[in-house]
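Just so you know, the protein sequences line up as chains A, B, C, D and E, in that order. According to this note's numbering, the residues represented by the first sequence are 1 to 288, in order. According to this note's numbering, the residues represented by the second sequence are 289 to 633, in order. According to this note's numbering, the residues represented by the third sequence are 634 to 1003, in order. According to this note's numbering, the residues represented by the fourth sequence are 1004 to 1262, in order. According to this note's numbering, the residues represented by the fifth sequence are 1263 to 1497, in order.
Simulated from the structure, these hints should not be mistaken for laboratory data. Accuracy of the hints is not assured; some may be wrong.
Stated by the list, open to error - Here are the simulated distance ranges between beta carbons:
1. A/128 with C/909: 28 to 38 Å
2. D/1017 with B/599: 29 to 39 Å
3. B/599 with C/918: 32 to 42 Å
4. D/1136 with E/1285: 44 to 54 Å
5. E/1285 with D/1153: 52 to 62 Å
Said to hold, decoys possible - One-sided and incomplete, this derived list gives chain E residues near chain D with beta-carbon spacing under 8 Å:
6. 1275
7. 1381
8. 1383
9. 1385
10. 1399
11. 1401
A virtual CB, placed ideally from N, CA and C, is assigned to each residue, including glycine.
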Amino acid sequence: MTLFIQQLANGLALGGIYCLAAIGLTLVFGVLGFPNLAHGALYMLGAYLTYFFLTDAGMPYVVAILAAAAVLAFLGVVLERLVFHPLRNAPHTHHMIATVGVMFFLVALVQEVWGTGFLRMQSPVGGQVSVLGAQVSWQRIIIIVTAVVVLLLLTWFLKRSPHGQAIEAIEQDRTGAALVGINPSMVSMVTFAVSLALVAIAAGLVAPINLLSPGMGDALGLTVFAIIILGGLGSLPGAIVGGFSIAIAEVMASTYISVAAGEAAIFVILIAVLAIKPTGIFGTVAQR
Amino acid sequence: MIDRLNPRLLGVALVAIALLLAPVVFSEQQYLLRVVTTAAIYAIAAYGLNIILGLTGQLSLAHGAFFGVGAYTVGLLTTDRDWPFWSAFLVAILATTVLGYVSGLIALRTQGAYFAIFTMALGFLIFIVIVRWESLTHAHSGVSGVKFPENIGPIDFTEPATMYYFVLIFLAAAAYTTHALLHSNAGRSLVAIRTSEDLAKSIGVNVAVSKQLAFTASATIAGLAGGLFASLNGFIGPDSAGIDRTFEMLLFLLIGGLGTVMGPLLGSLLVAFLFEMLQDLETYRFIVLGPIIVLLVIFAPRGMIGYLNDLVPARFKRRATTMPGEPATEPATVPAGSTTKDEVH
Amino acid sequence: ACGGSSDSGDGTIVIGYSAGLSGGAAEYGVNVQNGLKMAIDEVNEEGVEIDGKKYTVKLESLDDQYQPGTTGTNVQRLVEKEGASVVFVPHAGGIKAAQELNSGRTEFLVGAYSSDPAILESGNDLTVMIPPSFDSYVQPFIDKVKTKENAKLGLMATASEFGQEWTKTTIEKWEASGGEVLPKNNIDYGTVSDFAGPVAKTLAGKPDVILVGGPSQPTALLIEEARKQGFKGAFLIIDQAKFEELEEFTDPKNLNNSVGIMPLPLFEGTEKFIADYKEKYSSEKPVNADIALNYQALPIFIEAMKIAGTTDDPKAIREAMGEAVKSVEGVFFVPNKVSAKGHLQADGLQAAYRNADGEYEPFAIEQPQE
Amino acid sequence: MLLQVRGLGKTFGGIAAVKDVDIDVPEGQITAIIGPNGAGKSTLFNLLAGFYTPTSGTVTFEGKDITGMKPHRTVREGIARTFQTTQLFEDSTVLDNVLAGCVVRSKSNALDAVFHTPRHRRDERASRAKAMEELEFVGAAHLCDEVASKLPQEAQKRVSMALALATEPRLLLLDEPAAGTNDEETEAFGDLIRQMVSRGITVCLVEHKMSMVMNLADQIVVLDHGQRIATGSPEQIKKDPLVIEAYLGANNDQAGARS
Amino acid sequence: MIKISGLNASYEAVDVLHGIDITANDGELTVILGANGSGKSTLFKAMSGVLRPNSGSVEFNGEDITRSSPAAIVKKGLAHCPEGRHLFPRMSVEKNLMLGAYVRRGDKSRVKTLLERSYDLFPVLREKRKQAAGSLSGGQQQMVAIGRSLMSDPSMLILDEPSMGLAPLITQQVFETIVEINNEGIGVLLAEQNANSALQIATSGYVLAEGRVVLSGSAKELQNDARVQRAYLGV
Ligand SMILES: Nc1ncnc2c1ncn2[C@@H]1O[C@H](COP(=O)(O)OP(=O)(O)OP(=O)(O)O)[C@@H](O)[C@H]1O
Ligand SMILES: Nc1ncnc2c1ncn2[C@@H]1O[C@H](COP(=O)(O)OP(=O)(O)OP(=O)(O)O)[C@@H](O)[C@H]1O
Ligand SMILES: [Mg+2]
Ligand SMILES: [Mg+2]
């Protein structure tokens, strides 16, 4: 029983990690119309930047994370201008390949700067609490809480603010959006900035419970695609449900069935869901 | 009826001759022949991807996995089961065909990005099976000692050049098939689906079935290529079924030119040599490669072929018209009239 | 690294090297590379002369990101373009791919750095296995940590080929000695985003000993997590992870009561090498056995060339290795013979048990005579 | 009767777009379907062509029940349609567009193409001839090498008709063929449609240009809120108070300019 | 008031507009006639910034907007109801309309009244306000497009074939509305195939052919011009 509770806690923490990582991706999907394959690499970069500001620049933890967020936000704008704006009318496959290019570049860059080795980032928030006999570290609790809070804020922001609608509009008809006075370039830039900042925050929070390495983003990236698809592309509530349910499924499967089952769980669920509802749990299709 | 001076044909002829002479040219640099042979195998796989993505407009990310299934079928059958290559090769092709067909049944219910990610998940499942089902696949240990094709009379396949020509035959077949498809009803139905499923239906195309066939065919070709790959390398590890394979092939295809006849071929060769050349830059190479990819996508969006086509004098375009140089437009089906190519500043 | 051009009169001996030099887990590839470089520089200082002709040795490295397929291409390029007759490969998959090539396709000698005995089982006669094979560790390790008859063993080694092999062997010998083995729980250290879950699962089985190990750094993290969740028992650490590196990544206290290969500094006569290395590469990171073993293996190959009087006949060079080992000195565990299968062998191999007080208790490891 | 529609209905999320509609389309004639925006005309076409499956009722074509048949089958049966917002294969040339229309009638398959069988070559030649013939017919032959998306609206409409004709239909459903064309062009389209009929093709026509409808139609069906509110000859319909009230308005010649 | 001088525009290689000069005054209703493909829509796109002209200038209320972004231009009060509608297909009718007021979103009450006006103009849209725009009938979509362009409360309105796909009754209404808002002092630029009705309500007009202005003058002059009568009034 305590095992179950322990794993539930771990599942939630993992869910928090997945959600945080997924947010940025969902947002960018809104404007890009396609998953950004460089997402994992950006997440990785975010972690390294946080590490740099924390360890080398000696900033306080929270400040370091924010600094990293700022840098990535800027990078987001640069990417939008240099890569995605020129491609705005190109088919989605082109976006994909472009993001692969960006991914290659970022990974190689980080490797040149910080080397190929693993790095360990110590978080100031140490210690753990025991919940119903389960041991949960504060870092993980912070992750869960932040994930939920950020997601709710963002959902609210997108529903309420004109910016949220603008993103939707651009994705559905760029010319139409321009004609009603939305500035597609501006909106995409802002969106990229925001979502990459979020990616950095996610990385900054998660990095302490794992190691930094140039490859750290790869594995996560793919899980995250599965999540936003499961939730329905561009749907934040979807991302939350997707993130937590997949994480818990993964942990439970690997606990009570086998590690392989754990690894496969996420993809099995995904396939099952799409087989039944080809547009994800929260997704909708356009009518003719 | 074919204009002798048509630069397209000229180009094709040149490429063909170059490929035929490769072993002679590289007789001193055997490893380069290996590079070309490997590239050729990837090109074959890329032709498979070209059918489902280039013609039908569905982005399948399971392609690398199908490639891996082909490779492992040949690998395991020729080693653990000690089958001769030929029968193993045949089984590999059949296996991927069946696998492609079955997974197509579910995958094709989804559309656009959903299809892409669905197939990605599928690819991962296959990969996980390979990595985890140790008793069958030897997991990370991989399969070594994969057989060369057995000699046919005097033809000795352990000879690199022979192996190369063997691969080349399939490559030529793949290219020709693509050409024939593009100029056939089947091809037109697929291209029709790519541009507008509704319109395709309205002219009597059975969208569901056509997609299913295209997807199956693409899987088959991937499997075939995988089988060749296993035999050429002698050793295969799980990496031969990874998502990276898919991305590589996608890269070849896009750089070569989606939905074109020569695109997959040129793309694969070009990128393969790019990779080799950049090897000297060691880890810096990805710092160079990344931007190159981005630039190519931005400035040659229709790939090398598309780019070359623009250089072809107008008077030849007439025959060319049946060859859509244009890449697939948005996979997601948006109600008619709501897509636009207008400049928006 | 470009072009195998031979400079004025003197010849060039090209030593090939293909490993993961970029992307995940590249550090290991780079470590081995440094070891080889260092050795080569020293060999060149002494000067190499083979039947009257002066040679300079040169390392040609290519990146394969641990993908066997790429290793194959790289190796062939190193042999045919760069003219290498010896190629070092530090990962089992790549080694096997290389063996496929030098059995028929082209001829060269594989400097195989992997302690997985499987690489010799294939009976490839142009392979030289550099490190001690891991299965010589297993039994002694078990003897150290298996305190009670029916002790329970938890399995958390990495899911790489190497981890799997270790796990297999350990299970056999553990059960053979009457112990109980919990369900396999090998996770891929590279891709797992949070160790908490897997660890909790293993601990639920109440193990007395846990088999762990992969790249040192994640291993350290896993150990830390296990201790956090209250595991008091012993760790049996596979030889891929190195104590001296683990200490860097987690509070050394967590490492108490575990057995693994002995930290390099604890072997006699390694101080100088370690100092030289740290200076040469101005590196603060611990210097481990991977570096040392490759460092001391390389001169043997060169020596063999001298004896065989050829730089480009792999068979002859392989023949001469038996002779060569005798006349080369090294850092620790210095090879004194080459087994028929091509395994560099030596005496005086030691492992270490880190006791409750954090002291290392060295103990001898018998080398099976092949 | 070429086409018989009985009690046809279609609801979207509870709301009826088409409700209990009966229509008889006599062979070799022009039947116009008119009605306010949202009356259900396009939905009706989508039901006939199989793009939507009816929630009730039956469709009989040449005495054969084709209710709920999928589009690719109805096309084989001989029903072709154009879309309200002109649809073409934008990236392909005009000729390729129409060639695509020939696919459904040709017998050769992928294998024929690969092995370049005589049948394949015969079919290819036939298709090209057919395609050019249809382009000639709609008067767009001179555009055959242009890329479809770059053509003006009116030209695109002609091509879309050629595309539909290439499937050799017995019944052709035209959804607002004259929308966005000026009176001259509208007349030209009128003549074109007449020629189709003289080729033995039966035409169903949805159009808001009364000038065209009143000139062409042998029979007019009026829909409103998904239901049929009137059927009859142009003269009857013009005078029908219900129709005037719901659709035409008091001075209808002012709406669709006189001709 | 909007003033276009020497405007040239093209798609990729194809030149479409050649030195167009047009002036449309506030409060006036200017009609642009021209056969298919004569360049009406292209001209409009160039005005609203959707298509960047090669040369020439567009002046709006004395300001040069030739290089401004569509967004900036809408803010300045020039609205464009485009050919092909460009609705947001997966959004509800109401959302589409509300987005029409994107540049006026500050003024809630005003937006409310504007929305009501659209609904009063096209009552059917009120019924369908929750339905996805993409699932509307062709004509209903056209209504949304017109409504949306009115939502930005423009001082000058460009309508590209508003009557396209509309039933006769509605067409009449639309023309009446155009007159209404024109009387409210909003300038209107109208491209219309239905030349007759258009000229009846227009103040002045221009005739385009192959991207050139071949004829211009007051509505009366044009109505009595032989060429126009032959070409567009079917007399
Ligand atoms: N997919 C759909 N989902 C929901 N409602 C729909 C859908 N398709 C059509 N409708 C509704 O059905 C009604 C009829 O639509 P239809 O397109 O048939 O009208 P129409 O007669 O063609 O009008 P128009 O003359 O404007 O083209 C409309 O009210 C429309 O909103
Ligand atoms: N996207 C495009 N690419 C290339 N050429 C185009 C494009 N759109 C229009 N054209 C060409 O530009 C010319 C003018 O088109 P435009 O749509 O402005 O004419 P129009 O007067 O609006 O015609 P219509 O009455 O059909 O709306 C036409 O010859 C058309 O072929
Ligand atoms: Mg309609
Ligand atoms: Mg127009």
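Hint check:
no.: 1; hint: A/128 with C/909: 28 to 38 Å; in the structure: violated (43 Å)
no.: 2; hint: D/1017 with B/599: 29 to 39 Å; in the structure: violated (58 Å)
no.: 3; hint: B/599 with C/918: 32 to 42 Å; in the structure: violated (54 Å)
no.: 4; hint: D/1136 with E/1285: 44 to 54 Å; in the structure: holds (48 Å)
no.: 5; hint: E/1285 with D/1153: 52 to 62 Å; in the structure: violated (30 Å)
no.: 6; hint: 1275; in the structure: violated (10 Å)
no.: 7; hint: 1381; in the structure: violated (15 Å)
no.: 8; hint: 1383; in the structure: violated (13 Å)
no.: 9; hint: 1385; in the structure: violated (11 Å)
no.: 10; hint: 1399; in the structure: holds (4 Å)
no.: 11; hint: 1401; in the structure: holds (3 Å)
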